[in-house]
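Participant: Sequence:
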Amino acid sequence: MGSYSTNAEHDHHDHAPPFFTRWFLSTNHKDIGVMYLIFAVVAGLTGTLFSVMLRIQLAHPGGTFFGGDYQ
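Just so it is clear: in the sequence shown, position 31 is 57 by our numbering, and no numbers are missing.
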C-alpha cells in the first residue's frame, strides 16, 4: 500500500461534546427546545402531584395525610 496515511484512519473520534456541556451549556436551538419540553413535563407532573396531595388532605377535614396538625 504505502507509508502514507489517510484521513479515514484517524477520523475514528466522534467529536460529540460531553453530556454536561451538550445539555447545560448548549446554544443549539434544538437541544434548548428539548430541554424546555423535558422541564415542562417534569414541572407539570410535579404540580399535578402536589395538587392531588392537597386535594386528598382537603377531602378529609382533620385528616393527617401530611403527618399531623402543626398549626
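In case anyone wonders, no lab produced these hints; they're calculated from the structure. Predicted model only: the values in this text are computed from it and were never measured. C-beta atoms are modelled at their ideal positions from N, C-alpha and C, and glycine is treated no differently. Treat the hints with caution; some may be incorrect.
[Said to hold, decoys possible] Derived DEER-like restraints, expressed as beta-carbon distance ranges:
1) T53 x L75: 26 to 36 Å
2) A42 x A69: 24 to 34 Å
3) W49 x T74: 39 to 49 Å
4) L71 x F50: 16 to 26 Å
Participant: Indicate, hint by hint, whether the structure satisfies it.
Facilitator: Evaluated hints:
| no. | hint | in the structure |
| --- | --- | --- |
| 1 | T53 x L75: 26 to 36 Å | holds, 33 Å |
| 2 | A42 x A69: 24 to 34 Å | holds, 28 Å |
| 3 | W49 x T74: 39 to 49 Å | violated, 25 Å |
| 4 | L71 x F50: 16 to 26 Å | holds, 21 Å |
Of the hints listed earlier, the one the structure fails to meet is number 3.
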